[in-house]
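Residue numbers (my numbering), protein chains in the order written: chain A, 1053 to 1319; chain B, -7 to 316.
The set of hints was computed from the structure by calculation and includes no laboratory data. Computed from a prediction, not measured in an experiment: that's the story for all the values here. Treat the hints with care, as some may be off.
Here are the computed distance ranges between Cβ atoms for each label pair [claimed, not checked]:
id : chain 1 : residue 1 : chain 2 : residue 2 : range
1  : B       : Ala31     : A       : Phe1082   : 52 to 60 Å
2  : B       : Ala170    : A       : Arg1318   : 36 to 44 Å
3  : B       : Val212    : A       : His1310   : 35 to 43 Å
4  : A       : Leu1176   : B       : Thr41     : 52 to 60 Å
5  : A       : Ala1071   : B       : Lys132    : 16 to 24 Å
6  : A       : Ala1055   : B       : Ala31     : 44 to 52 Å
Built from N, CA and C at the ideal position, the CB exists for glycine as well.
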Amino acid sequence: MTAATTPAGRLLALGRAEATLLRRNRTAMFMALALPLVLVASMRSVLDAAAERTPGLDVNANLVVGSMGVVLLIVVYCNLTSAYTARRSDLVLKRLRTGEATDAEILLGTAVPSIGLALTQCLLLGVGGALLLDLPAPVNPLLLVAGLALSVALLTGLAALSSAVTKTVETAGITTLPLLLVAQLGSGLMLPLESLPDSVANVCRLLPTTPALQLLRIGWFGTDGSGPTEGFAGTWSQGATPLLMAALWTGVAAWAGHRWFRWEPRR
Amino acid sequence: MTDTSRPRPAVEARGLHRRYGPSGAAGFEAVRGLDLSVARGELFALLGTNGAGKTSTMEVLEGLAAPSAGEVRVLGLDPARERAALRPRIGIMLQEGGFPGELTVAETGRCWNGLTSDARAVDEALDLVGLLPRRTVRVKQLSGGERRRLDLAMALLGRPEVLFLDEPSTGLDPEARASVWRLIRELRAAGTTVLLTTHYLEEAEELADRLAIMHGGRVVAGGTVDEVLADHPARISFELPERSGPHASLDLPALPGADLRIDGRRITLRTTDLQGTLTELLGWAARHRVALGRLDARSASLEEAFLAIAASDAATLPQIGRAA
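So that you can see chain A by itself, here it is in the shape it has in the complex (with noise of 0.2 Å):
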């Protein structure tokens, strides 16, 4: 006989099965795993035509963060849409309600498995990006793994948003495309920020995907390429912006995901 649940213990549940899910929908793993590899071969080549553009690029800091932004995109973004719907039409989320989980944790507890895969897959491409790349150790850890966080709660919070509009898994791929290509395009994915005009670089800092990804290159370089590079106490003030901007954006994603996901298929 087992004794009280526990948060903890609940989301474990749910993150074993939900794992068990991913590891069986080939489709998921297949856009999880080999994904990102494409788009970030295909960065290499758009991020050296931008150098030419632009003197002074930082090819390789625009390439590593580039690669995590497109990894947890897919990962977390696309394939938590994926999976939020699917549970949704299978009553699966329904019937979880019936049971003593929160619907938070319902919703993180589903996330766990996506969350997990994107963080190991940004681990490997740090340290594999370090080792090949030659790259110099992160200057401040703390606002890195802050970016993370940050990156995973807002896509997880979109994710429920975005699979409110999403009536079955086969339309997932369209009601996830607006987010993917303004984050692509204008969060530094594929055309890096100071490449383009300063004015159009300031709106860009203001898209929901832009500061999260900031602070990892921030975080990492000491810089986001915008200014000269800083120490550890000088990343705090040239990070203090995308923070903040990174949290409410966190905030009003987690608001209107929990305000408007849906339980069940519309009658």
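With chain A held as given, fit chain B onto it using these hints.
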């Protein structure tokens, strides 16, 4: 705070309304002022046609949806606002599954085991519903009846004090249904309060201590099976022989309290005093040497009561009771 002289009901609803969509004509009110009380340890059946509002009611009682008006208490708690406190004490089986097809039966059990306080061992719960031999099978490969039984097993994991079962035996073959009924009776014998919905009348007749018949979002009849039937007449029907002619019914004796319907040679009587009416009728037939063809006399059945209620506001179907 509570009145201790009298135990509080396990499930209580007063003036319950549930509305879908906007107010006015654009919305739809599925539950319209429902009152319900289920005592501790009681097995209560909620009957109704499709669309009567059974599932809409159950979802409010289960805390999955808030009522648009009215009050609900389950074990003295508000099921929507005090969900966290109530959940460990109740078990819920929805009308439709809700288990991922790609998990096996055992994996589903393991997940739910981790979501349930003081849970039974997974294999013990599966054994209760006879699913132990299927533990390594993926849910998507189970038959409809097996899925219902898995659903029931998950609802029983936490040894609930109150069990909500929305159409528990729909899709089961007769053997599985008999074993589910046996299991539900055992649970009730062990003190579990059970609230189930069904549109199988025999299920309510077999299992329920008390029942309520829902129609158009309201409870229109309720009580024990006998109480519900007491309001509905017994039925006698027969055919008069050919030679008596179309007006033979005029010769029928006075049958106080009986309602007579004539359809050619076929006579249908509805009466609240089956024995008395039948005695009069058979005496008359013997005295006049009339052979009553296809004579049939039966007490009110839940099915007749149910159909009569379902037809009660459908003026276009005044004859439906006879079809039962």
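Given the range 35 to 43 Å, decide if the beta-carbon distance of Val212(B) to His1310(A) lies inside it.
holds, 39 Å
Does the Cβ distance between Ala31(B) and Phe1082(A) fall inside 52 to 60 Å?
holds, 56 Å
At the C-beta level, are Ala1071(A) and Lys132(B) separated by a distance inside 16 to 24 Å?
holds, 18 Å
Within 36 to 44 Å or not, the Cβ separation of Ala170(B) and Arg1318(A)?
holds, 37 Å
44 to 52 Å was suggested as the range; check whether the CB atoms of Ala1055(A) and Ala31(B) agree with it.
violated, 30 Å
Is the hinted range of 52 to 60 Å satisfied by the C-beta distance from Leu1176(A) to Thr41(B)?
Hint holds: Cβ distance 59 Å, inside 52 to 60 Å.
Consistency note: the structure conflicts with earlier hint 6 alone.
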